[in-house]
Amino acid sequence: MARNPCFKVVLLSVSMAFIPAALSHGDQVSLSDDTLTCIECHSTINPGIVGDWRKSLHAAMTPSQAMKKTGLDRLVSSREVPEKIKDYAVGCAECHTANPDRHKDTFEHNGYQVHTVVTPADCSICHIEEAQQYGDNLMSHAYGNLQANSLYRSLVDSINGSMSIEDMKLSSMPSDADTDADSCLYCHGTEVKVKETRTIDTDYGEMTLPVLSGWPNDGVGRINPDGTMGSCTACHTRHQFSIETARKPATCSECHKGPDVPAYGVYSVSKHGNIYYTKEGDWNFKSVPWTVGKDFTAPTCAACHVSLLVSEDGKVISRRTHSMNNRLALRIFGLIYAHSYPRSPDTSIIKNKSGLSLPTELAGGEAENFLIDGSEKDKRLSEMKKVCLSCHSQGWTDGHFDRLDTTVRNSNDMTLADTKILISAWEKGLAEGPDRNDSPFNEAIEKKWIEQWLFYANSTRFASAMGGADYGAFNNGRFYMSKNIREMLEWMEAQRNAGK
Amino acid sequence: MARNPCFKVVLLSVSMAFIPAALSHGDQVSLSDDTLTCIECHSTINPGIVGDWRKSLHAAMTPSQAMKKTGLDRLVSSREVPEKIKDYAVGCAECHTANPDRHKDTFEHNGYQVHTVVTPADCSICHIEEAQQYGDNLMSHAYGNLQANSLYRSLVDSINGSMSIEDMKLSSMPSDADTDADSCLYCHGTEVKVKETRTIDTDYGEMTLPVLSGWPNDGVGRINPDGTMGSCTACHTRHQFSIETARKPATCSECHKGPDVPAYGVYSVSKHGNIYYTKEGDWNFKSVPWTVGKDFTAPTCAACHVSLLVSEDGKVISRRTHSMNNRLALRIFGLIYAHSYPRSPDTSIIKNKSGLSLPTELAGGEAENFLIDGSEKDKRLSEMKKVCLSCHSQGWTDGHFDRLDTTVRNSNDMTLADTKILISAWEKGLAEGPDRNDSPFNEAIEKKWIEQWLFYANSTRFASAMGGADYGAFNNGRFYMSKNIREMLEWMEAQRNAGK
Amino acid sequence: MARNPCFKVVLLSVSMAFIPAALSHGDQVSLSDDTLTCIECHSTINPGIVGDWRKSLHAAMTPSQAMKKTGLDRLVSSREVPEKIKDYAVGCAECHTANPDRHKDTFEHNGYQVHTVVTPADCSICHIEEAQQYGDNLMSHAYGNLQANSLYRSLVDSINGSMSIEDMKLSSMPSDADTDADSCLYCHGTEVKVKETRTIDTDYGEMTLPVLSGWPNDGVGRINPDGTMGSCTACHTRHQFSIETARKPATCSECHKGPDVPAYGVYSVSKHGNIYYTKEGDWNFKSVPWTVGKDFTAPTCAACHVSLLVSEDGKVISRRTHSMNNRLALRIFGLIYAHSYPRSPDTSIIKNKSGLSLPTELAGGEAENFLIDGSEKDKRLSEMKKVCLSCHSQGWTDGHFDRLDTTVRNSNDMTLADTKILISAWEKGLAEGPDRNDSPFNEAIEKKWIEQWLFYANSTRFASAMGGADYGAFNNGRFYMSKNIREMLEWMEAQRNAGK
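Protein chains in written order, with this note's numbering: chain A, 1 to 500; chain B, 1 to 500; chain C, 1 to 500.
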């Protein structure tokens, strides 16, 4: 490596810049020599991420300092942290050179064994509990849950695959890796692999770097070069890793907006969203634990599904969880009906009675063996209600969930009505479905049916679950559920009229 | 009641916590003994709402103190306030034990006569003018305006009702109360009634509580257990009741987003919205009266429709009104055409010449007897223009409203063209409409027609009225109005071709 | 003019109010006598805009003071500024009485030659470079690029034109000027002309004022009464002209939301948007130059396309440009395919090989002579990547743009498949297209085809280009591209079945 000639000046400016403003402890924070070496060049090459990291808690506190906290305000869940890193700020080197042998993307870089892709295993050095919990979260399996399910893969191909027309004949190609990465796998996560290395000239001399496939990606179920699944930065956006970001709903909106899973859209027209958008300027998003009624006065996504919440007298209302299914009895994201939550985060193992990789039967009913039972559902609902009860009465809370039950039942009924029409079309040969070994997702009438359960029934249920009725009435909700059934019937009649 | 053993400690912590930070007056604020008793338990049971209320002006000021203000900054419009409450902060008991005899939901609770549902009559103890004005607001009648109109009820049933298919035969059920509450009535308001009482075990002993039907709900036209109509907390979100919340557009977005009434969506792409989203951090949302150009530099929903606005020299630009129709000459929300505003807030009394409960004729024209006349329209438009003129020239303002007139006319024409096609379909027996005593809203082609006036024409008009052109061009606007007519015609031709 | 009796008092209050709070220099700022005269009345007539301007940098600094800055923090690009204005704050008179002879909208007003419409030529007195750059921006030609292109005009007519039905016969009218101004030209810009003058009574006596046609308007390509093109206030919203507003994405959202050009919608679900919405409260939007990683930690629209960006060590990452095409190699807004960027900002001169005013051929291929070549594309892409590299590695950045290439190719293929179906329909006489001198945009099936390239393919590409995958999957993206082709084919088959 050509040594940067302005080494000392840069180093000085780095040190000078390091009197973190918002420190709550009196101790000095040192950067490791390794990290100082990284910053030396990268503060010029990538000033944005270095500057972003400088604003982080990682830059302002060492693991040792963080581990002095032993109460609910503790952020480092690991009991022990390696000697080598514990008295330095958590800088570039502490993460990007961790576990070098595990990382197939490790490469020699100016004398260091560096890897690009930081993974849950790397984060677990300090945050072991969160990493473990996350492994039980459906999200960590999001890649395989899509890719290893042949039924869902046929949906992906029918959406992402390219089509061409010659002499009015349609040819459909299965989708390619780049397109999947740019579509479904953006959220589900790609498989990141080293495909080759290349040597490039830089201002700092010649460098040999790995070229990754499936890169860039921050998907929640990313398959990493160290074999782990997930990406902590999907929500804890690098390089500031601010808990404020993870707690605000815009973070979740990246993958939960719609029309398939319109949680963010619903939140934005809910009373909770209304309060958030009008008062969040007065809230404290950094306080740990998070005090209901003091730090914030209406829930964000994280408050209901993830965060450690306490009341002002210090009582725990709900414990932090990164296994976000913990408080979810039902999966209101219909496949194709809303259903009891899957037992295992790996849903690719599910088979319904017809042998389809679906948690429900096409004609209604659940693949029970793979789904949680009534007592687990009661337990989860009760966990969720604890959050509700911190602001609402028992009567309010029960009334809310009773209504959701009605909506789940009705939206499932509306999906069933639509599905019966499609099954009839398959039986009459008006469309080709699984009974003829064809994808149930590729033809025009099948795509219309997809809209019923994936967009309209889901929107209706999310609107109910999160109190944003606007979405469940006209905006992709009940109006379109009822319209869809009528149009499916009209299509059947037109086919009959055409003598089919 | 089992007396809470930690009574004194809690009470102490409550009192200690009560040196409200943002007080503008030097006087001490006391809580009534009744309110202290509520807080004693509920700060533990529902810490969120107690904490939220602590941030409120209600917690920081007594009615007596508020009534010392006699100018435009006065917030208590009642001339007198009962002795019993006037020298205490407005706490739990002051609202939830008011008017006990009027409230059918009153129940005995630890020696108090408490009710759950606080109503406009309760709020009117201090805010009499606002409650009275609100009674003239169409919104206060939103429940009956939907439920007592058989035509609109048939629309509701066609959207919310569940459907099933047996042997390819469709059965449609009318909608159920839970679904209506989760859909239309979320905004319009439910009828809240005591359906039974139940006795539950709590940490504080056994309690007998009323179970309410139609609950939870905060709809603007809610029928309350004391017989009043409306819910002040629809906009003045409890328990902080912050004027900041009511003045910010996210509050209105809960019910005015779309696609039927896309006011918020339009605002968000208007120049006004543009200014709001980029500068609101510098604005003062709490100042009363609200000074144009100083406290804020672009209108929110409230600024144009509700708020008391003054110029920096103290001149009143527009008076506060909770009868939000005051500045609206036209109802651009088409039923099925945009029309002169209804005279009475109770629109269920309207009948057009064909006997339909519609403010317009299906084939065009207004049900004039029920709508305001030209001079009232001029007066209202002139009131609205006063707000515009505080930032815009007369030429700008007139140009804007001239264009709106064109858009109203054109969008009504596009609705008429669509309606003529549907009427022809009814006449030819291709669909069943009111002439055969069938709902005009249930069949596929009728639902397509609904989209024309309820989504596309409305979006086009709101985009024009509020200067968010994006919504009126492609996003549910003119593109879809023109497409809809062409598709309706194509459908008619296909029916003809099918020999119908 | 009747002299305002409270002249002195107003004047005094104006002067008193003028100790601008946020001044960074010690010098006194005077208002010109002309501006003081304006404010004398207009602070009462239009308090909003006067108050808004008071918060501006224009009100707090004279051109002379601004010109003392000679580094990257300089905001006045002109080398010389007229003597008459340079030692006064930039007030009402400085802009609204500039270049009186050039302005056809100049009118005599209380002894002054005033014009309503401030134009790029007026702004260029101090901001010459920005005005010149903007002339090379496609946006400055947005009026003619739409109005002088007969093909696009037929699209406008098919969308904005009014329709009527008599005896089930459709009549279509071309669109009228008011509707165009309320729709497409809201963003593209109107032609603003003096159509007449009128004399009105005001509180200050009788006034004769010009009445403008095409007014109000702030479109980016507005044709002004002085012959210039554009409106600086489209983005630099008057009268605060805050750089904060121009740098925030809500400003761009006014015209770039969708579904035709969903840049804002995509941004809002991108990781960049996620960071912006959760952290922007901590950013410095006023600092010039704008320091990556310090002032802000994720790009807004302006950061990538317009702003002068530096790293913390003062190195320029990208220079300010108001010719926003500078970093755009491809125009991903398909017409009808994504294509190499046009050479000239005047796109009305483009003709493809078939003689259509389109930058691409209907059946695929580019109108190369009018579009930039490979080396210019490489140069522009490299400029854009400089911004990316300030936070991302070369591998990340290259991977991102490789994926965009795939998405451009696939979305063009999906448009081609759809177009081939339509061309076949034209050939078979199932619809009337350009080969029969009919608009390709007016029939139902043609409108379906428009959705393919204008909504679905565009959404897919914007989602890819800006990393907001949600938009490219279900929300107007790939799901709908594939559905559209299947439905177009089904329509063809139904036409065949109907014996056509």
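In short, the hints are calculated from the structure, not lab data. Be careful, since some hints might not be right.
If several chains are the same, the list does not tell them apart, and a pair holds so long as it fits within one copy or across any two.
Calculated lysine-lysine pairs in the DSSO-like style (CA-CA distance at most 30 Å, straight line) [unchecked claim]:
| id | residue 1 | residue 2 |
| --- | --- | --- |
| 1 | LYS420 | LYS386 |
| 2 | LYS353 | LYS448 |
| 3 | LYS286 | LYS428 |
| 4 | LYS385 | LYS195 |
| 5 | LYS386 | LYS353 |
| 6 | LYS386 | LYS315 |
These are the hints, each one checked on the structure:
1. LYS420 <-> LYS386: Cα proximity of LYS420 and LYS386: none, with 39 Å in one copy and 55 Å across.
2. LYS353 <-> LYS448: within (25 Å within a copy, 38 Å between copies)
3. LYS286 <-> LYS428: neither (60 Å within a copy, 66 Å between copies)
4. LYS385 <-> LYS195: Only across copies: LYS385 and LYS195 sit 23 Å apart there, 48 Å inside one copy, limit 30 Å.
5. LYS386 <-> LYS353: neither (36 Å within a copy, 55 Å between copies)
6. LYS386 <-> LYS315: Cα proximity of LYS386 and LYS315: one copy only (12 Å, versus 50 Å across).
In the structure shown, a violation is registered for the earlier hints numbered 1, 3 and 5, in ascending order.
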